[in-house]
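Protein chains in written order, with our numbering: chain B, 18 to 314; chain V, 295 to 699.
Accuracy of the hints is not assured; some may be wrong.
As the list claims (entries may be wrong) - If you only want the chain B side, here are some residues facing chain V, beta carbon under 10 Å, derived:
hint, residue
1, T24
2, S139
3, A153
4, V156
5, N162
6, N208
7, Y234
8, I281
9, P283
10, V291
11, F292
Stated by the list, open to error - Which chain B residues stay away from chain V? Per the calculated CB distances, all over 10 Å, these:
hint, residue
12, A144
13, F182
14, P239
15, L306
Said to hold, decoys possible - Label-pair distances were calculated between CB atoms; the ranges are:
hint, chain 1, residue 1, chain 2, residue 2, range
16, B, Y204, V, R390, 34 to 42 Å
17, V, R464, B, L282, 48 to 56 Å
18, V, R464, B, L296, 52 to 60 Å
It is worth saying that the hints were derived from the structure and are not from the lab. In this text, a Cβ means the ideal position worked out from N, Cα and C, and glycines have one as well.
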Amino acid sequence: MVASELTQYVVTGLLVGGVYALMSIGLALIFGVMRVVNFAQGDFMMLGMYLTYYYAVVLGIDPLLGALVTIPPFFVLGLLLHRVFLARVTGGGDPNREMDAQLILTLGMSLIITNATTMILSPMPRAIRTTYATQAFAVGPLLLNQARTYAFFMALLLAAAVYVFLTRTDLGKALRAAADDPEAASYQAINVRAMHGVAFGVGIALVAAAGGLLATYYPIEPNVAVNFIVLMFVAVVLGGLGSIPGAFVGGLAIGLVQSLTLLILPLQLQNVGVFVAFLLVLYVRPQGLFGRRARTV
Amino acid sequence: MSLLARSIALALASLLALPLAGPPPVIAADDFKIALVVPLSGRWARQGQLKKMGAEMAIEEINSQGGIKALGGAKIVLREADAGDSVEKAVSAAQRILTREKISAGIGSWLSSFTLGVTEVAERLQVPWLSLSYADSITERGFKYTFQTSPVSSAQAEQALELVVELAKRNNQPIRKAAVVGDNTAATVFFFKPLREKLLQAKGIELVVDEVWTPPLADATSIVQKLRSTQPDLVFYGATNFPDSIQVLQKVKEFGVKTHIQGVGAWLVTPEYVKTVGKELLDNIQTVVAAHPLKGQEELVKKFVQRTGEPFMTQDPLVTYAHVWLIKEAAEQAKSADPKAIRDALAKIDLSTGPAASTLYPGRIRFDERGRRIGAVPLIVQWQNGEPFTVVPANLATRPVVWHK
């Protein structure tokens, strides 16, 4: 194997992993702040893909910009869904019963969103045809798919923005406080329930934006979430449950492992590499890569 | 939230979460019921939707022409069930629909893996089952109630290779190196197996790339990189999952790989391909299928297009259309709606006229003791200017074949 070929595998893995990373951050944020395992996260990604598609087809907005424009409506949707549904099963009461209710609620939301989208928009796949989906940047002997490269850098930018939001703004600090210790946070006049709403809004807005970026090179169909949801969960657990940097690194690692696995295993066993790496990490560090911060964001 | 609002929300949620098949409508007792078990949700839902369109068109034609005459003009009624996206769901859907009420015959379930499961249920419940699925094993289990109208995968592989090698020779571009690229769903597996084991070698063709994956495919870079470095003259291509297929085709364009692509199945000629990758990329890509509109079926295609809004007709609606007509013929001959009588009529049928026979090339329907259609031959369909046309056999082709330059 020549060095350039190996480098191509590494670069391809990182480009694939960039979007996984952005998808996973939202899931980690929701879990970190609310302790809710959101099974519908992949479905919000799918809705983000459709919204980006309609922005492109109806309004002529380039999907890279369209992905960003999905953030405000999904943030508002997240706030609403939290207020109407999730607030009833979080923040107080018997934790075990709440956990059961949360699982049923998010799983139910996932089923409803997938089936409703199939009924309303039909199962026919759609796609945004962009020139950059089938073009590559040539860097020496390496070929970097343009759509994936743009998506990677946009994902990086959005992840950095989330990091700045959480560490440099009062709202972000309040979110982290609510995640660390909801009771102590409420003594500091932080409205924990409102913080949960913000976390859910930001969480699904991020995954919708990731969906928008994905839509620049991946077909859109109501069932698309199943192709990614397991990987999102693996990334979040790999990075350390609830840790934002952990989820980001976890997402990148999955892309990288998927790609590098092909050097030693046949394509058919591509995801075996991911799960072997996952088990190894959990064996060595049961708390995940960034496990110390498992209860913080 | 008030109690009323909560009740409405709950009712709406239950409604949307239900499988796509609803409760059976009220029908007359003497109606003739056909089950259609196909994916209506999940990653193969589009194919199920297309099959349903074909079945509905045939039923409308038959009913408007007086129904099944031997049964006093009984009307045909379709009972559809969602096979979903797994064998377990498909089996459960078949079990549900075949035990809920008396079904005279069934059709389905598109993906060979699903058909293998669903036909076990049909066999146990003694309901004749018609399938377009390709996998050889569907009719290798000694079942009495399974009827496979398509040429089986291994025969398709042999016949397709013959046809393509001949075409290449005629165009002075003999095939020396080939690749097999596709997923590990049953029909693709059965198509690739004989190619790997004997057929390519027998033709003196070297297999330079052999890449198989479990859907979904994360990224196609490694596959297309291998195609670029080995430069095969021909790629046998079997990516049944649409996003996987799109990723491979986009990558082929991105890496500038120039090779002849020979698909394995009708999934490669659905209208959404044009919208997704554009007609230029598709031009000259061809695929081997069990059925596709032939010369002389222009009126049928026109009717389908008008009725459904689809830009053209492909194997999935076409074969289901033929299956409904075939069941109707069997019912006429059996003079009964009893599934066992229909099964016996299908086993003895020899049909060379009517919509079913003219749709299933080469125009005659007979089954051997395994339930395989005798003389079933695949067709080759090729994308030309954004539309797929039958190019082989030449006598019934709707366009002459164009060899990849």
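The hints, checked one at a time:
The beta carbon of T24 of chain B comes no nearer than 12 Å to any beta carbon in chain V, farther than 10 Å, and the hint placing it at the interface is violated. With 10 Å as the threshold, the beta carbon of S139 of chain B comes within range of chain V, its nearest partner Cβ sitting at about 7 Å, so the hint holds. A least Cβ separation of about 5 Å between A153 of chain B and chain V falls short of the 10 Å threshold, and the interface hint therefore holds. At a threshold of 10 Å, the smallest CB-CB gap from V156 of chain B to chain V is about 14 Å, leaving the interface hint violated.
For N162 of chain B, the interface hint holds, the least distance from its beta-carbon to any beta-carbon of chain V being 6 Å, beneath 10 Å. For N208 of chain B, the suggested interface contact is broken, since its CB lies about 21 Å from the closest CB of chain V, more than 10 Å. Satisfaction of the interface hint for Y234 of chain B is found here, the shortest Cβ-Cβ separation to chain V being roughly 7 Å, below the 10 Å cut-off. A hinted interface residue such as I281 of chain B counts as satisfied when its beta carbon comes closer than 10 Å to some beta carbon of chain V; here the least separation is about 12 Å, so the hint is violated.
Among the interface hints, the one on P283 of chain B holds; its C-beta lies about 7 Å from the nearest C-beta in chain V, closer than the 10 Å criterion. Using the Cβ-Cβ criterion of 10 Å, the hint placing V291 of chain B at the interface with chain V is satisfied: the shortest such distance is roughly 9 Å. Because the smallest distance between the Cβ of F292 of chain B and any Cβ of chain V comes to about 13 Å, over 10 Å, the interface hint for this residue is violated. Non-interface call for A144 of chain B relative to chain V: violated, since the shortest CB-CB distance, roughly 4 Å, does not exceed 10 Å.
Look at F182 of chain B: its CB is around 30 Å from the nearest CB on chain V, clear of 10 Å, so calling it non-interface holds up. The beta carbon of P239 of chain B sits about 8 Å from the closest Cβ of chain V, which is not more than 10 Å, so the claim that it is off the interface is violated. Listed as a non-interface residue, L306 of chain B keeps its Cβ farther than 10 Å from every Cβ of chain V; the least gap is roughly 21 Å. A C-beta distance of roughly 55 Å is found between Y204 of chain B and R390 of chain V, which places it outside the suggested range of 34 to 42 Å.
Range check, R464 of chain V to L282 of chain B: Cβ separation about 41 Å, and the 48 to 56 Å hint is violated. Checked against the hint of 52 to 60 Å, the pair R464 of chain V and L296 of chain B passes, with Cβ atoms roughly 54 Å apart.
The structure does not agree with the numbered hints 1, 4, 6, 8, 11, 12, 14, 16, 17 stated previously, though it agrees with the rest.
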